[in-house]
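Number of protein chains: 2
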Amino acid sequence: MKALILKELGQPLIVSDTDDPKANGGIIVDVKAAAMNHRDVWITKGMYPGIKVPIILGSDGVGLYQGKPVIINPNHNWGESEQYQSSTYHILGLPTQGTFAGKVRVDADKIRPKPEHLTMEQAAALPLGGMTAYRALMTRCQARKEDRVLISGVGGGVALFAFQFALALGCEVWVTSGSDWKIAKAEEMGAAGGLNYKTADWKSFGKQTGGFDVIIDSAGGDGFMNLVKLCNPGGRICFYGGTRGNISKLNPQIIFWKQLSIFGSTMGSDKEFNDMVDFVDRHKIVPVIDSIYTLEGGNDAFLRMEKGLQFGKIVFNIQ
Amino acid sequence: MKALILKELGQPLIVSDTDDPKANGGIIVDVKAAAMNHRDVWITKGMYPGIKVPIILGSDGVGLYQGKPVIINPNHNWGESEQYQSSTYHILGLPTQGTFAGKVRVDADKIRPKPEHLTMEQAAALPLGGMTAYRALMTRCQARKEDRVLISGVGGGVALFAFQFALALGCEVWVTSGSDWKIAKAEEMGAAGGLNYKTADWKSFGKQTGGFDVIIDSAGGDGFMNLVKLCNPGGRICFYGGTRGNISKLNPQIIFWKQLSIFGSTMGSDKEFNDMVDFVDRHKIVPVIDSIYTLEGGNDAFLRMEKGLQFGKIVFNIQ
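So the sequences go chain by chain: A and B. Going by our numbering, the residue at position 69 of the first sequence is 69; the numbering climbs one at a time, nothing skipped. Going by our numbering, the residue at position 178 of the second sequence is 178; the numbering climbs one at a time, nothing skipped.
Calculated from the structure, these hints are not laboratory results. From a predicted model like this one, the values you see are computed outputs, not experimental measurements. Take the hints with a grain of salt, since some may be wrong.
Which copy? The list can't say, so a pair holds if one copy fits it or any two copies do.
[Unchecked claim] Quick list of in silico lysine-lysine cross-link-like pairs, DSS-like style, CA-CA up to 25 Å:
id: 1; residue 1: K2; residue 2: K68
id: 2; residue 1: K198; residue 2: K249
id: 3; residue 1: K258; residue 2: K271
id: 4; residue 1: K258; residue 2: K110
id: 5; residue 1: K258; residue 2: K45
id: 6; residue 1: K229; residue 2: K249
id: 7; residue 1: K307; residue 2: K185
id: 8; residue 1: K185; residue 2: K198
Only chain A is shown next, with the shape it has when bound in the complex:
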């Protein structure tokens, strides 16, 4: 089969022919589309624990199994607790071979029919980002229709899913981004408005919006306290990333007086994966696709994500 392979850290990815995977008690899916996550970029840079090369990256995929279109749950060994993953939890694409290839081996219980309203490319965009957003917004923050929601960094995959899911719930949703055009795109999709964090006046944003009940963040950093200040009493903030580094200057008095909850969240359980796909099916949500590449364009795709140019998911069409 053809595959996009990371042979050495820091070196360009290479498309080459390689052996088909063995079923080993699982099943083989003929991959038709796959999608990128930040994780894939970080792995190529050595910024992830447990990296072994050569490896075929890719956690998101859809394809054919016994001729029928299926979507793949990227989880392995989430474990017994809904609260946290087991110590042996991992996802497709490291340490096991991922979806940026013609075929991928998965456990038989990790596929389900592709949502019918989605193309292969759209469905490929869904698994990891959708599951992560679902857990953050629905399980952790317990978002409800009456909540006013803020999504930070709206161009990213998880952020866009959280945005779309909150809209589907009927929430009033606001966004932040470092790019005015991304805010404009979100507004076209239904955002009530947005704040460019590079030129932000957080205080007047708080007044303008009336404050937030739920905030989904992936940045952390010193700016996190701005989010705390934007919270209404009883507010919940969930972060699934920390691209701006350590969180500092958190005022405990503001947090306890407003009875805030701050959640860290990553990935999602098998139940959350299934609930998320059901939710997408029920609300006919269509993932936002930024761009579609072939595996041969793999290095361009990785560069696009690394530079943060995307709005939505970067997808591979695999023939």
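Model the placement of chain B on the given structure of chain A, informed by the hints.
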């Protein structure tokens, strides 16, 4: 009636005769015992919003109403939501006159029979600290029998209640303190062990204990990250104070990978007050009393709390 009065910020409290309170649609309780909270000390130093002098402090009290012993719920206007207090929420002892007096005016629905297994002094120790601990441990952290629990700063009133409640649940409970003798006292009461944070080796403490599922803290500050590191996957940390100032150096990756929850919490709802008294009744919990003063010893009592010398509640016996 006799009352302990704060006439001017920064000046000693004065015991003097003053007019009895008027019922004003509420009821008058003959106070028999009252108890101190850190809040009282902070108010005398001007470190609290909305201070008006002269004022009779005191949020905790028990006494007689129509000849029967009653315990007072210190809440006013908690409001409709269990998640957070209303904007008009306040508690006895500022801005309304408090319990360090022979009589206090409260709303009729704010008293309930004193738990029979407690003396007046023991029951007086319970309301605010017990309610705050109950909300933090039970409502916010959802502590269960199988959780390993850490209580920081175990000498304090709320910390001791959280400690006793966790023991009553059947949890394995550990403590921290800056005083070895406080740790020894907690061990006598059933703590599995303790850590002196002045000489702490947090890393070996984590190994020794096996990590924690629930942590109740009132310090915040730079040391908060030590608590995060001590958390097991799915762990919950709740803080109800921030005596060490802003929380800094919080590593988002550790928090989201371990799926941690960090809660700010203060006071409690009327429901939580009632649930807490029921819990104390059911488990026959006896609040720890550090010392008993008369109102005439008020300044000594305040100094004792200010210096952090106490282990348990500082109580006034009021005749």
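So which of the earlier hints does this model not fit? The structure conflicts with no hint, since it agrees with every one listed earlier.
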